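Chemist: Residues per chain, in single letters:
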Amino acid sequence: MTADFLLGLADDALVTAQRLGWWVSRAPELEEDVALANIGLDQLGQARGLYAVVTDLEGLGRTEDDLAYLRDAPDFRNVLLVERPQTDFAVCVVRMLLLAAWQSEVYAVLAAREGPARGVAAKAVKEVAYHLDHAAQWVLRLGDGTELSHERTQAALDAEWPYLPELLEPAPAAPVDPASLRDAVLGRVRPVLHEATLVVPELPADPPTGGRAGRHTEHLAALLAEMQQVARAHPGATW
Amino acid sequence: MEPATERSATVEPRDPMPDGYRRTLVRQIAQHAHSEIIGMQPEGEWIARAPSLRRKAILMAKVQDEAGHGLYLYAAAETLGTPREELLDALHTGRQKYSSIFNYPTLTWADVGAIGWLVDGAAIVNQVPLCRCSYGPYARAMVRICKEESFHQRQGFEILHTLSHGTPAQRAMAQDAVDRFWWPSLMMFGPPDADSPNTAQSMAWGIKRFTNDELRQRFVDIAVPQAAALGLTLPDPELRWNEERGHWDFGTPDFAELAEVVAGRGPCNAERLAHRVRAHEDGAWVREAAAAYAAKRAARTSTQEPAA
Ligand SMILES: [Fe+2]
Ligand SMILES: [Fe+2]
Chain Z
66 MTADFLLGLA DDALVTAQRL GWWVSRAPEL EEDVALANIG LDQLGQARGL
116 YAVVTDLEGL GRTEDDLAYL RDAPDFRNVL LVERPQTDFA VCVVRMLLLA
166 AWQSEVYAVL AAREGPARGV AAKAVKEVAY HLDHAAQWVL RLGDGTELSH
216 ERTQAALDAE WPYLPELLEP APAAPVDPAS LRDAVLGRVR PVLHEATLVV
266 PELPADPPTG GRAGRHTEHL AALLAEMQQV ARAHPGATW
Chain Y
186 MEPATERSAT VEPRDPMPDG YRRTLVRQIA QHAHSEIIGM QPEGEWIARA
236 PSLRRKAILM AKVQDEAGHG LYLYAAAETL GTPREELLDA LHTGRQKYSS
286 IFNYPTLTWA DVGAIGWLVD GAAIVNQVPL CRCSYGPYAR AMVRICKEES
336 FHQRQGFEIL HTLSHGTPAQ RAMAQDAVDR FWWPSLMMFG PPDADSPNTA
386 QSMAWGIKRF TNDELRQRFV DIAVPQAAAL GLTLPDPELR WNEERGHWDF
436 GTPDFAELAE VVAGRGPCNA ERLAHRVRAH EDGAWVREAA AAYAAKRAAR
486 TSTQEPAA
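Protein chains in written order, with my numbering: chain Z, 66 to 304; chain Y, 186 to 493.
Just so you know, these hints were derived from the structure itself, not from any lab. No experiment lies behind these values; they were computed from the predicted model shown. Be aware that a few hints might be false.
Chain Y side only, calculated, beta carbon under 8 Å to chain Z, not exhaustive [claimed, not checked]:
| id | residue |
| --- | --- |
| 1 | G229 |
| 2 | R240 |
| 3 | A354 |
Covered by chain Z, per the in silico footprint, the following chain Y stretches (three or more residues, Cβ under 8 Å) [claimed, not checked]:
| id | segment |
| --- | --- |
| 4 | 213–226 |
| 5 | 374–387 |
| 6 | 466–473 |
Note that the Cβ used here is the ideal one computed from N, Cα and C, for glycine as well.
Chain Z extracted, bound-state conformation (with noise of 0.2 Å):
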């Protein structure tokens, strides 16, 4: 279970920092290029980390590229909010705000206890500290910047809104129990939305879900057959 768990927190890093690789030279600003990167590659090193607790603990020898390249989308564990494109701005911002304040609850409770990932989590937690504060920024800017702008982020968080449900869904014999989460999450996301004077959208009652059980949208298999086609044109190679 606890592999399993840590698998799920892995792949959501994986499948975000690639996404965010999107970004880079394609950013709002250059100074937005170097954050953008600079939170792809904490995603990536987190990513890392936990495919090396979860291999260890699996013990059959996998790698960490076993895992990110030679997995089908199925096998993935990431939820279905990181998965799906993310080529606006507003989307991107406001998606990392959702991640990073839900990473940022299961990193700190990692990290205070004795377990095989409480060293990632550690590092980890000062990281999304930095990507939840970015994010609060951008998400105010936007909201509260031009008619426009406000619009446009509405629009975003009215798409990403119902995918968080997915985050918080019970799982009582995980290493940290998501629906325990679910008030600090929402507590650290509410007022950031509101001071961005945007309208907090009512949790879905039927929400999408099914990533941790690796029910994906079709959106995943095309990001990953970007992802791992050098690696699997060349079996056995070493890079």
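Using the hints provided, position chain Y with the ligands relative to the given structure of chain Z.
Modeler: Leaving out everything else, chain Y with the ligands in the frame of chain Z:
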């Protein structure tokens, strides 16, 4: 202005300087800054496809460094009174150039290695002397940049070394990348000295310390033994050690091709510029929002707090 060789201290932003010196510096620093940010594209496309997580992290950090180099250099140009916005506009409208090398396509993963080894390698040869150039802010930016470029060069070398000692397909990929990037890398040093009329003035001003041909020779002398260490060949049948000169003799790059690429007719000129312009235009609403938000906040604080 005294000749550079007779001056010990650097020129600083508030010092008086000849108009021509200022103009030449702005053009050179801007072109350098533009090269850093356009240079993010050919390799940036491979972040998504990097074949291992370790390589992905290294490449992402490298492209991030290039964005940082752009920032340092635009800041150096701003000390001469030209805002970044103005320089970006000159890039986007084709009034200012960037290095011709980034108009060649990156076709395989090995190209990431070849760019690191050869293109960052050539950039280092070009830029190390600029760490002692006469304009202080530019010289200081170059010191920071050169440190990072040498990381990039080593990483590129390491990628190619791994490929050339890998499977036959990997080895072929590495050789093909070097075959395609060798001559364009030699062209990074610009036209031959005989066709470089501004060199003498730039050297007198201390914003250039060696001629194009001197730097090109230095690069070849460094690259030849490295190619041997990689087990890859350089695509020049005229390469030969010249005992008398103490340098490697090499063939003449196709400077007509260089002129074409510089004139905007290289393989990827249109794509690279369109990508940059699209990013800038797509981001306009974000920059406008940030400005509007900052203005609102400033207005709020000024109504809340009485003036001191
Ligand atoms: Fe650079
Ligand atoms: Fe570089």
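Chemist: Next, verify each hint and record whether it holds.
Modeler: Quick rundown of the hints versus the structure:
For G229 (chain Y), the interface hint holds, since its Cβ comes within 8 Å of a Cβ in chain Z; the closest pair sits about 4 Å apart. With a cut of 8 Å, the hint placing R240 (chain Y) at the interface with chain Z holds, because the nearest CB-to-CB distance is about 5 Å. Proximity of A354 (chain Y) to chain Z holds as hinted, the smallest CB-CB distance being about 6 Å (cut-off 8 Å). Against chain Z, the segment 213–226 of chain Y contributes 3 residues with a C-beta closer than 8 Å to a partner C-beta. That satisfies the three-residue criterion, and the hint holds.
Requiring three or more residues with a Cβ within less than 8 Å of a Cβ of chain Z, the coverage given for the segment 374–387 of chain Y is violated, as only 0 such residues are present. Judged by the Cβ-Cβ criterion of 8 Å, the segment 466–473 of chain Y is covered by chain Z as claimed, because 7 of its residues qualify and three suffice.
Of the numbered hints stated above, the single one contradicted by the structure is hint 5.
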